[in-house]
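Q: Residue numbers (my numbering), protein chains in the order written: chain G, 454 to 1292; chain U, 14 to 332; chain F, 139 to 389.
No wet-lab data here; the hints were simulated from the structure.
Glycine included, every Cβ here is placed at the ideal spot set by N, Cα and C.
Honestly, I wouldn't trust all of these hints.
Pairwise CB distance ranges (calculated) [claimed, not checked]:
#, chain 1, residue 1, chain 2, residue 2, range
1, G, Lys862, F, Val348, 47 to 55 Å
2, F, Glu345, G, Ala752, 23 to 31 Å
3, G, Asp733, U, Pro300, 33 to 41 Å
4, F, Pro159, G, Gly828, 32 to 40 Å
5, G, Lys1219, U, Asp226, 45 to 53 Å
6, G, Ala752, F, Glu352, 30 to 38 Å
7, G, Ala752, U, Ala268, 37 to 45 Å
8, U, Asp226, G, Glu849, 37 to 45 Å
9, U, Ala268, G, His845, 54 to 62 Å
10, U, Glu129, F, Asp241, 48 to 56 Å
11, U, Phe95, F, Glu367, 47 to 55 Å
12, F, Val348, U, Asp226, 52 to 60 Å
With the C-beta cut set under 8 Å, the calculated list includes, among others, these residues of chain F facing chain G [claimed, not checked]:
#, residue
13, Leu150
14, Ala151
15, Asp163
16, Lys167
17, His168
18, Leu169
19, Gly170
20, Phe171
21, Ser203
22, Ile322
23, Tyr325
24, Ser327
25, Pro329
26, Arg331
27, Met332
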Amino acid sequence: MSKLPAKAKCVVIGAGIVGNGMVYHLAKLGWKDIVQIDKGPLPNPGGSTGHASNFIFPVDHSKEMTAITAESMRQYKEWGTFTQTGGIEVARTPERMQELARRITSAKSWGIDGGQILTPAQVKELVPYIDENVIVGGYYQPTVGVVDSLRTGTLMREHAIEAGAAQSFANIEVLDITVENGHVTGVVTDQGTISAEYVVIATGCWSPKLAEMAGAHIPLTPAVHQMKDIGPVPFFKDAKGDIEWPIVRDMDVFMYERQHGTGLEIGSYAHRPILYTPEDLPSNATAALSPTEFAFTQADFDIQDEHAYELMPSIVGDENVREKYAINGILSYTPDGMPILGETPEVKGLWSVAAVWIKEGPGTSKSVAEWMVLGDSEIDLHSSNIARFHEHQKAEFHIKARVDESFNKTYGIVHPLEQYASNRNVRLSPFYAAEKELGAVFYETAGWERPFWYESNKNLLAKFGDKVMPRTSEWESRWWSPIINAEHLQMRESAGIVDLSAFAIFDITGPSALAVVQKAALRQMDVAIGRVVYTPVLGPNGGFKSDLTIMRLDTQHFRVVTGGAHGMADKKWFSDLLPTDGSAQIFDLTSSYTTVGIWGPKAREIIQAITKSDMGKEAFKFSTCKIIEVGPLRVLASRISYVGDLGWEFYVPIEQGAKLWEMLWDSGKKHEMIPVGIGVYGTTGRLEKCYRAYGPELETEYTVVEAGMQSPKLKEADFIGKAAHVKHRSQTPVTTLCTLFVDDHTSSTGEKRYMMGNEPILTLDKAPIVDSHGRRSYVTSAGSAPSLGKHILMSYLPTELAVAGNKFIVEYLGEHYPCSIAEVGATSVFDASNERIMA
Amino acid sequence: MILVLIDHDQSEIDPLSLRALTAARKLGHEIEAVAIGSDGAQLAAIVGEYGATKLHVAAHDAITDYTPMASGRALKDLVDKFKPVAVLAAGSPRGNEQLAHLAAFLDIPMAAECSEITLGSPHHVLRARWAGNLIESAHVHSELLVATLLSFSVEAESANSGVAIVLTFEPALEPADSIVKVLSRDSGQSKAGLTLSDAKVIVSGGRGVGGPDGFGNLEELADLLGGTVGCSRVVTSSGWRPHAEQVGQTGTKVAPDLYIAAGISGAMQHIAGMKNSKTIVVINTDPEAPILRYADYAIIGDLHQVIPALTSAIRQAKG
Amino acid sequence: MDILVCLKRVPLAGGTLILTPDSRDIETKHLGFGISPHEENAVEAGVQLVEQMGGTLTLLTLGPSDAEEQLRSQLAIGATRAVLIETDGQEWDPQGTAAALVDAINSEETKFDLIIFGAESADSAGYQIHIRVAHALNRPIVTNVKAMKVENGVVSCERVVATGREHYEAPMPAIVTVRDGLNIPRYPSVPGRMQARKKIVDMKKAEPRVPKLEKVTLALAPSKDKGAEILGKGVDAVPALVEVLKQIGAL
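With the hints as extra help, turn the sequences into a complete structure.
A: Printed below as a string of structure tokens:
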């Protein structure tokens, strides 16, 4: 072993599947002078990779997770370390059967085919050792397989070393990560100091500890996953190689069983959550097995024993089949279930690749390496972006509370709108008390409690009758209320007041402020003071990084307003654009200002009644903002709309919010104004207007032209992604975002069903639709359009198919429903000429 | 006066007893030795040389070979008669056992495996625990100290003194005292669990071997050296090798002439099972691995490269 | 025949121990627990005897209430029932422990034909509890047993010494302590685990005594560094090792 070098371009800390993947992919993309270090010995330094169960089910409701997993599988196959075994998720309940159908549907949307529903007898045929009487069916995915993650990691590391791009050192302990002027400068180890431009933390469950050394945060917690290996199983005595029988996931009891040589491995996510902190993890020297293999606690597994016995009595119930190995294995869990990837917002040059499981390792490494070297990754990683965390989400309390709550949902049936119960009421708007009084049903975004609908509007149900499009099926009624649609209809008739406190708000000021916002925004930002510009923010490849609103408050003063969920990532994006000479600054005002909006035909009357400022059509034009006086308050009013009606957003310092609400409320009462929840603001109002949202419609993978959002004139100033965007403008888009109506909601049982998003759009002969870039057509957003009495689906469709009136099939929970294109491109299906907004 | 139990096997003295005599001498009291069985009288010269002025020999018809409870009774008789300050013995299985009988007869404490003794009230000892990894500082609350001495804490040193006076006595045995004794012996191997225990060479693998396949190389090397394969606990708990091959506190304790530890970091319970090997060679990527502290020789490197290279080099050397 | 096996809950430690801040115990925060090594063989021996000859196998331990975990694991291997003498979690000295065990044994309805101990505990290595129990119960005891046979009310034992094997016999009721190598202990099966959950663990209390062998503190043993001679790095060091093997006569 040679001596640790004093200098490197990049130090990768960690030699698990992720660290090795990073070394390999950074080298592959042309970086040299990479130094990898690990505290433990090679090839198994003692992290989670060393005890992973190593199987891959390539199916997830998350598109991002599925894409990363598929890329990982591709790489494992390339290294020759993948064995395809097939896998079966079995259901013990009808609810689970529906969920399995939903999983197949998601898989189809993300391009994973071959899934099929099996009867208990068919499951038995594939896995003769199960008792088919305890299940009601299964879902067979033939492409499931097992990988050798240790071997893959070793191959990747050795490849980078042989290529002369990297050196690797075992048994090196990091003592400190040094930072100067907000930029990482190196790593101090027990064997010397390495100065470096980049430092990558790929240390799994130790990541928080390392990030802390640099003053950064990687909010994850080590958590126990229990498994035991029993054997030898007589039935497997002739098993060739490591694995040949399909992996079985017993979904309803949160367990899996897989043959492993002559043994059967039984794993569980059903036991009580057992959480640690990184400081709890022993060293290689003090650990009895390894630092991430804790002693098995049988009492936590007692019920699982019985469940395994029920499913596989001939093996598990065999007195001679004995426990060979059982551990409490440590894995990384995050508060929202997604990995933690990207440059830390606190320290430039310090990158996190954490909370990545075996099925995601190589794909994640490739994507993050692209991000580091090329500035962006091919696969959109926005749900995993480390910059997504708000301050309170970095607190240990939050991490532990959320993981504690979600651990048992690892194999759970998680509704797309399901809310966390733990650690709520962390961020309360000044209107919270008033909203509570009105029977608000709160959903959470970025810690903010936001009314999704108001029970006080229940009386509107009678008024609107069937126009609220009532739902009978339990699944679509869960986390939903017809009151949302009633609020929508009432807003369209009179007006609604909407709490928008969750907006992230930051001001950019200084001589270079214009240059900064110009660089970020697709749209022209060199506009008159008082203009409000809604603009996409693009990545280097011309794909979407965000969409947000920027107000020009003064020559050198811009206010960026963006959604709470994505706010922190946007803040980092803009912060990264600040010139180093200090000629522009960014100030986070999210917790300084509160926002409330009023929209509806009567919005003007309501406001005008309480202000002397002229709110008239000409005096206060759409897309402008100015300060108005409302009673004792000076209020920044901004005339824009995300719901398709006339109205304003009002910004006041947070302590004045309650006063503002009170005045608006009193005035509104005279005009039948109602409180309106985010159900309208985020879904029904938006969808009727065919407004796109970042995440569902707008992401790296799609262009501005495909989303139908190109402006007639291209701004002259440079902006990120301009070259790509110019190219996109010159080409016919491969795919075009369309708005579809569901033509018939009736299921095979005669019940009306309503899609919720992420369902595949199929041809009339039920074949998946793939564009020439290999992208599938699927429902990006779905929801009611109560004004039209329709259920809207948005979907990208290959441009040649994107013709109004064209008919398709949408697959939902295993059944097929006819749908057709209502509008191609961004034209609204409701009030296409925008008369209501411009009124 | 301090009594030191001299353990012997049909008049062949256990060398550890000489270490016990040496240690006892340092406590500043007159030393008298005890040997159980009439054939113990032959030890007068050697115990004398190591500092015992007298050798008490317990002779009784019932004591024909090792009879541990009878030893305890004989020691008790001497204690009753001569009131020594301490009764000591080597911390060997036999030493511990016989003194435990004495302590049980007297219902007084016993401190096993002591590395240091300070007589007093209470007596103070340092004793080894956790397979020698921990040292306990303890008080012994008893007028008479019954203690055994950590086998290797003291080297035997001759006192260059003369032959001890032999004082033969007949202990007042009760019938129960001699029920358990060596009835017969044979020099062959036991039928149980001795494959590892008997091997002169053991090539042992740990987590670093990476998986069951990696043991092929170790087997080849072991064959070549006329030895057998062992492994660490993590290997058996991972199901890579059978439990019977596990070396350690929870497996088999071994003391071969040559112990090659490959890819074993050295968990305490493994060390406990192999540290008495004559020569220990470590092959490990980690120069800081705890096992190196117990090794005579080490190669810092990847066993997957070193073992095959070693195998072929040995082949060559053997011609 | 009715058998009793005595067990001790001990931490499963790694290569390096850490002491608690008061230096009176080892830090077990990171560690799991098991039983002393030779005790696994003791239970296995008990299970095998009951399998061959019928009867019952009772487990007895003295320790914290958490020791139930270890008892359940061994019940899963085939023991019939268990008794836990609950302590406050403090370590008891050998005399106190032996006395509590004796009291518990005497209070049992079953008069055990054979009581089996492991040869030594992993943590305290006092080498005496079994002998004190034998004295108190007036039973013959054979220690360090590596092979064992029960026939006609006599337990025949084999003990391995440097020179070979020694044979012992003891009429039952008797006590033996066993060493590893006696048998290969089985691991639990899942049905065993399930049955173990339903088996009885009797909880008993015993009053602690003033220890006569009184632990004051613990310290880590100084590293017994043999000062390993580093022969080199990687395959380059192989010739040097071959030389060493020649010197020590291994080649």
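Q: Tell me, which hint numbers fail for this structure?
A: 3, 4, 10, 15, 21 and 22
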